[in-house]
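Trainee: Residues per chain, in single letters:
4 protein chains.
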Amino acid sequence: MAGSSFGQIFKITTWGESHGKALGVVVDGVPAGLELSEADIQRFLNRRKPGQSKYTTQRSEGDEVEILSGVFEGMTTGTPISLMVRNADQHSKDYSNISHVFRPGHADYTFWEKYGVRDYRGGGRSSGRETIGRVAAGAIAVKILKQLGIDVITYTKSIGPVGVKKYDFTEINHNAFYMPDSEAAVEAGKYVEGCMADKDSVGGIIECRINGMPAGIGDTVFEKLDANLAKAIMSIGAVKGFEVGDGFAVSNSSGSENNDDFIVDNGNIVKSTNHAGGILGGMSDGSEIVFRAAVKPTPSISQPQQTVDVDGRPQKIEIQGRHDPIIVPRAVVVVESMAAITILDLLMTNMSARLDSLKDFYN
Amino acid sequence: MAGSSFGQIFKITTWGESHGKALGVVVDGVPAGLELSEADIQRFLNRRKPGQSKYTTQRSEGDEVEILSGVFEGMTTGTPISLMVRNADQHSKDYSNISHVFRPGHADYTFWEKYGVRDYRGGGRSSGRETIGRVAAGAIAVKILKQLGIDVITYTKSIGPVGVKKYDFTEINHNAFYMPDSEAAVEAGKYVEGCMADKDSVGGIIECRINGMPAGIGDTVFEKLDANLAKAIMSIGAVKGFEVGDGFAVSNSSGSENNDDFIVDNGNIVKSTNHAGGILGGMSDGSEIVFRAAVKPTPSISQPQQTVDVDGRPQKIEIQGRHDPIIVPRAVVVVESMAAITILDLLMTNMSARLDSLKDFYN
Amino acid sequence: MAGSSFGQIFKITTWGESHGKALGVVVDGVPAGLELSEADIQRFLNRRKPGQSKYTTQRSEGDEVEILSGVFEGMTTGTPISLMVRNADQHSKDYSNISHVFRPGHADYTFWEKYGVRDYRGGGRSSGRETIGRVAAGAIAVKILKQLGIDVITYTKSIGPVGVKKYDFTEINHNAFYMPDSEAAVEAGKYVEGCMADKDSVGGIIECRINGMPAGIGDTVFEKLDANLAKAIMSIGAVKGFEVGDGFAVSNSSGSENNDDFIVDNGNIVKSTNHAGGILGGMSDGSEIVFRAAVKPTPSISQPQQTVDVDGRPQKIEIQGRHDPIIVPRAVVVVESMAAITILDLLMTNMSARLDSLKDFYN
Amino acid sequence: MAGSSFGQIFKITTWGESHGKALGVVVDGVPAGLELSEADIQRFLNRRKPGQSKYTTQRSEGDEVEILSGVFEGMTTGTPISLMVRNADQHSKDYSNISHVFRPGHADYTFWEKYGVRDYRGGGRSSGRETIGRVAAGAIAVKILKQLGIDVITYTKSIGPVGVKKYDFTEINHNAFYMPDSEAAVEAGKYVEGCMADKDSVGGIIECRINGMPAGIGDTVFEKLDANLAKAIMSIGAVKGFEVGDGFAVSNSSGSENNDDFIVDNGNIVKSTNHAGGILGGMSDGSEIVFRAAVKPTPSISQPQQTVDVDGRPQKIEIQGRHDPIIVPRAVVVVESMAAITILDLLMTNMSARLDSLKDFYN
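Chains Y, B, A and H, in that order, give the protein sequences. Just so we're aligned: 24 in numbering that gives the first Met the number 0 is position 25 of the first sequence, and the numbers increase by one with no gaps anywhere. Just so we're aligned: 294 in numbering that gives the first Met the number 0 is position 295 of the second sequence, and the numbers increase by one with no gaps anywhere. Just so we're aligned: 323 in numbering that gives the first Met the number 0 is position 324 of the third sequence, and the numbers increase by one with no gaps anywhere. Just so we're aligned: 332 in numbering that gives the first Met the number 0 is position 333 of the fourth sequence, and the numbers increase by one with no gaps anywhere.
What the hints contain is simulated information worked out from the structure, not anything from laboratory work. A few of these clues could be false.
Note that identical chains are pooled: a pair holds if it fits in a single copy or bridges any two copies.
What the hints assert, rightly or not - List time: in silico SDA-like cross-link candidates among lysine to any residue, alpha-carbon distance up to 25 Å:
1. Lys-315 to Asn-265
2. Lys-358 to Arg-42
3. Lys-142 to Trp-111
4. Lys-315 to Val-263
5. Lys-198 to His-274
6. Lys-20 to Asn-45
7. Lys-48 to His-173
8. Lys-198 to Asn-251
9. Lys-142 to Glu-182
10. Lys-20 to Asp-39
11. Lys-189 to Ala-237
12. Lys-358 to Ala-214
Based on the provided sequences and hints, a complete structural model is requested.
Mentor: Here's what the structure looks like:
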């Protein structure tokens with residue numbers, strides 16, 4: 000069954016395996032008239048590239064993107080934009096020893112059960128490299144959103160027990176963990192190094208804030224803005240939880256605490272607080288949208304683990320090769336990309352919500 | 000934009016407002032040959048009915064369902080099943096005083112911003128009554144799943160600070176909170192009564208467990224089982240967070256703790272633990288699926304709140320009428336319904352995953 | 000598998016069987032702010048009602064529509080509009096004799112093969128009554144299109160060998176065949192009466208013209224305007240062919256004949272001819288859209304026919320009951336409805352085609 | 000708006016322009032376990048390649064396909080298969096003279112009106128080269144169908160006034176027109192040469208026959224088998240009409256002629272005739288599926304034509320460059336591909352039509 004497309008009017012379709020020839024995405028529904036170059040996309044891809052700090056895998060992945068269609072003389076034409084990254088540094092032999100064994104915490108077993116065959120090299124389709132297509136598409140979505148006055152800021156909120164205490168967004172791109180707090184980043188570094196020494200891995204939380212969203216985006220029932228964001232974010236490998244605004248904390252809150260009062264500020268209706276995280280009844284309420292994703296520790300660890308092979312025999316496994324001790328930093332841009340893709344699609348589908356708008360548009 | 004359909008091959012389309020003539024759902028893609036009666040559906044609807052304990056609104060809603068199509072001589076025919084519940088006890092006048100005011104924590108403002116008109120009676124489309132269609136459809140999905148050997152158990156895990164300590168599933172339907180722990184239910188009752196005395200409301204957490212799922216259901220990328228569950232559950236009004244397995248706790252776990260070992264048990268490959276909540280790489284792994292939803296406190300409270308009216312003037316509001324001090328108990332069956340609808344659809348789309356299965360089916 | 004929804008942003012979902020309790024449609028994605036009453040819809044439904052001339056079945060079907068949701072104080076609210084028509088005059092016993100026999104030209108056999116059960120009363124879901132939902136939805140779509148300056152005119156072009164020679168659109172609603180030529184209608188009447196005397200039935204061609212469409216609506220590849228119209232029209236029972244512009248005649252034309260020159264007329268770019276039927280490369284070209292549908296003769300005839308029963312035994316069948324000797328006149332409004340639904344949906348999805356429009360809309 | 004995807008469970012997404020870097024398709028939902036090589040796909044692509052006879056453009060297009068993902072060790076893995084063909088022989092300068100002029104019969108004008116920008120080189124996205132992706136995907140669909148015992152045969156039925164008189168399917172691949180009648184092909188050749196001498200072009204009709212289809216495939220209402228085929232085929236550029244079975248001829252037929260009797264043959268229920276073209280009530284009836292497509296004459300002709308430029312000034316245009324005088328022969332494999340893709344998707348979605356099948360599958 001097809002499962003590699005996301006979005007309705009702004010739709011992305013990703014493809015590719017970790018150690019196949021290439022990975023890519025078709026971005027369909029990009030409005031015509033956007034200036035777009037490979038550099039715009041490369042900038043995003045570089046944010047998820049490995050090998051940039053000691054806390055990420057030392058594989059050198061070139062990850063150079065090629066625009067194959069949909070852009071003419073530097074401008075989008077409205078037709079699908081095909082983006083491709085060739086896989087260069089494949090090292091398939093690293094994986095031959097796990098070809099018959101199900102790695103704990105990975106999709107090896109479920110893949111095998113579903114399909115009966117599996118490209119075991121580096122996780123195949125369920126590798127983190129699958130997100131290359133998402134990020135390439137996200138670069139386009141973010142660029143369009145900026146022109147609509149909408150900004151998406153994404154960062155690491157915590158690494159293991161180390162949470163950020165300051166929110167200095169200019170700091171995000173200046174530390175290996177994409178934290179808005181340089182001191183927390185230093186602490187996080189120490190924590191991660193401890194885990195690495197133990198041949199273990201670490202989880203964390205990513206937070207995303209979207210500013211400039213007009214009110215009323217998202218639908219009332221199944222196509223709620225938060226429901227779509229939840230699907231988008233939970234579709235990223237390793238994400239095990241999603242929450243918006245106060246999130247799980249609402250379960251121990253009260254209505255009088257959790258409701259946000261409406262007030263008038265400079266003639267605009269705004270909320271005095273933002274427990275709702277910018278979404279009421281599935282629609283944006285004009286305030287900042289805030290959500291979080293919980294990311295599990297990298298399942299690839301070099302400690303010995305108990306598992307089973309494809310013939311149903313117990314096996315010990317110690318995963319070798321180059322693996323990130325923590326997925327979080329590289330997933331930040333993936334979260335940002337999926338958020339941008341989701342809200343852009345909803346902005347587009349929203350345009351016919353009122354008869355008056357439709358009439359203005361066509362008359 | 001259309002936003003009231005959910006599912007691909009097993010697809011539901013809900014309609015109706017709190018105080019309109021009726022509410023309902025069209026359930027399309029129900030396999031032919033299922034015995035189905037109104038009683039099957041009524042049993043589910045009764046679980047979300049108000050007026051059943053002192054902790055829920057005392058409105059008496061008959062909520063009697065009528066099957067309008069798709070069933071012939073007690074058997075489904077494969078055609079869409081239209082289910083309707085007439086609205087009887089409308090009391091529209093209760094709401095006239097809020098027709099021009101945006102209630103905090105509700106969708107009044109976002110609805111107004113999106114559409115410029117709004118059926119203000121009882122929340123209109125964003126009322127909890129919207130879930131009638133979901134639950135009616137869920138009754139069908141659950142009945143089919145049972146025939147496939149799949150059970151969905153849903154209950155309240157916590158109410159405010161009161162969490163369950165035992166998991167006695169036979170207890171769930173014997174207390175007002177649908178908790179699997181009668182003592183916790185007593186405590187929760189006391190806690191809620193305290194909130195009611197303060198004219199305030201309470202949140203909580205709902206947990207759902209699915210047993211009997213074959214491995215390999217769900218897709219690897221965007222149509223992940225957990226991503227689809229996340230959208231389904233987050234599309235329920237008042238849900239602000241979703242997590243699967245260890246959920247947000249993974250952020251402070253390590254790979255060695257969080258990975259579930261594979262072992263052989265009675266000749267079957269199983270996991271020794273279930274931190275993953277039954278889903279690996281977006282696909283069911285054959286163990287119990289476990290997820291949770293965070294439900295916010297009822298936004299309708301009778302304490303005075305600060306807000307604004309449609310003309311942008313500050314207003315004080317005290318919400319009168321009959322409101323649940325807690326949404327959680329009545330949302331339990333809604334969560335169960337959306338979960339069942341989601342996994343049934345994925346089971347159906349999964350049937351062509353292998354060429355061999357396709358050939359066996361048609362040859 | 001779900002098959003009763005049509006459209007993406009303006010989406011309809013129909014339900015109901017010929018002799019079930021009711022039939023209806025959920026119309027989702029109707030923009031807020033449209034004045035809408037049951038009379039608006041009834042007017043359309045009356046155009047497909049039987050019993051209006053001697054050439055249609057004499058069953059008296061009340062077909063009174065009820066708006067169940069989505070309209071508040073006479074205005075659409077943006078939420079799904081549920082429309083229902085109760086089945087009154089069911090006469091199920093008329094059909095008992097065909098409960099085990101497959102009528103030639105009907106869906107009895109295919110239904111049985113697909114589902115293994117079947118509501119045999121009056122064709123069940125594959126009855127012409129299924130179109131009630133389409134027409135009710137079409138009434139809304141046509142009303143919106145009118146406000147955008149778009150008119151849809153539909154009529155019978157030929158009945159058996161009798162084709163229209165004049166196109167006087169004021170005449171369409173003044174004869175039993177919805178022909179724009181009163182003399183042709185008289186001739187057609189004679190022809191149909193001859194067939195009725197032979198216990199036989201007649202086919203014909205319906206033509207539809209859409210004026211006022213802006214250029215550029217429809218997509219370049221799979222979502223072509225003509226491709227979507229083709230699906231919409233071929234999804235109407237009894238339609239066996241669809242063509243746009245010169246249609247099948249292009250197969251014996253030449254490029255120099257078939258190409259339409261562009262010229263400047265009053266400062267506007269227009270085409271000097273319209274062989275293309277208003278669609279180039281899948282997009283509207285600003286000229287009149289013209290398409291035709293071929294409708295087969297009513298399969299229910301009272302001549303004896305050879306068939307087989309559900310146990311695989313040969314049977315003779317003479318279909319009794321009240322049947323139209325010709326489907327065409329009552330299908331005219333169905334074609335119009337499906338065309339309107341299709342183009343309205345494409346107009347909505349088109350709004351984000353250009354970055355500039357998107358920016359104008361949101362800034 | 001996204002418009003380059005087709006299919007629900009077996010879904011293709013095409014991309015690429017005539018003179019861009021490359022063209023391709025992502026084929027998602029291919030069952031795992033299919034042996035697949037580039038040669039399987041190349042064989043299909045070669046059938047649409049130009050330069051193979053004097054009746055097609057003499058451009059030499061290498062059109063060598065590369066499998067980029069979804070196949071591992073010669074076997075499909077269930078993940079999306081990305082197929083790419085690099086554009087080699089681009090000759091962009093041929094098109095510079097038409098960069099500001101709207102060619103009659105082409106999508107230049109509608110593209111311009113919709114998007115405001117346009118890749119004018121060789122028609123850009125609306126070039127016939129767009130079908131490379133369809134055909135590459137079709138090769139996979141046809142290969143799967145064969146394993147299910149389903150054969151798709153497609154051929155030219157007429158070229159201008161020259162129709163085939165014999166149906167010798169072994170002859171199809173042995174003449175330049177893909178006609179099942181070698182004598183008709185000779186005649187057609189003479190006719191086309193006459194047109195070429197006149198600097199003109201020719202249309203024709205393509206017919207497709209599908210054998211081995213189980214009964215009951217396709218849905219009763221909007222997802223009718225014929226409706227889906229109609230969309231698939233009408234989405235091919237230059238197709239202006241679609242009909243199934245007797246098609247437009249039904250409009251002048253009678254019920255007694257047009258109904259196909261059911262009879263018992265060797266213990267099987269079959270039809271004595273096949274006016275219906277193998278589809279009743281939107282579902283396959285077990286007999287041969289027959290449909291036809293009307294293809295317009297190539298709009299690119301070198302006769303002088305009247306048109307307008309982007310500044311609204313009248314212009315004369317004589318289209319130079321290498322163009323097929325007839326599209327039909329190269330479109331045969333495109334029709335076959337779209338038909339195969341359509342029915343494979345419907346076969347997949349049909350698997351959950353009966354509760355018993357679902358239970359058998361999962362128990």
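Trainee: Decide, hint by hint, whether the structure agrees.
Mentor: Here is how each hint holds up against the structure:
1. Within a single copy, Lys-315 and Asn-265 get their C-alpha atoms only as close as 65 Å, which misses the 25 Å cut-off; across copies the closest is 19 Å, which meets it.
2. Taking the shortest alpha-carbon separations for Lys-358 and Arg-42, only the inter-copy value of 24 Å comes in at or below 25 Å, while the best intra-copy value is 39 Å.
3. Taking the closest pair of Cα atoms, Lys-142 and Trp-111 come within 25 Å of each other only across two copies (23 Å); inside a single copy the shortest separation is 39 Å, beyond that limit.
4. Proximity of Lys-315 to Val-263 under the C-alpha cut-off of 25 Å is restricted to the inter-copy arrangement: shortest distance 13 Å between copies versus 64 Å within a copy.
5. For the identical chains of this complex, Lys-198 and His-274 are inter-copy neighbours only, at 20 Å across copies versus 39 Å inside a copy, given an alpha-carbon limit of 25 Å.
6. Taking identical chains as interchangeable, the C-alpha atoms of Lys-20 and Asn-45 lie at most 25 Å apart whether they share a chain (20 Å) or sit on different chains (23 Å).
7. Taking the shortest alpha-carbon separations for Lys-48 and His-173, only the intra-copy value of 15 Å comes in at or below 25 Å, while the best inter-copy value is 53 Å.
8. Taking the closest pair of Cα atoms, Lys-198 and Asn-251 come within 25 Å of each other only across two copies (16 Å); inside a single copy the shortest separation is 37 Å, beyond that limit.
9. Proximity of Lys-142 and Glu-182 under a CA criterion of 25 Å is satisfied in neither setting, with 31 Å inside one chain copy and 55 Å between copies.
10. In this assembly of identical chains, Lys-20 and Asp-39 lie within 25 Å of each other by CA distance both inside one copy and across copies; the values are 23 Å within and 19 Å between.
11. Proximity of Lys-189 to Ala-237 under the C-alpha cut-off of 25 Å is restricted to the intra-copy arrangement: shortest distance 23 Å within a copy versus 39 Å between copies.
12. Within a single copy, Lys-358 and Ala-214 get their C-alpha atoms as close as 20 Å, and across copies as close as 16 Å, so both meet the 25 Å cut-off.
Consistency with the previously given hints fails for number 9 only.
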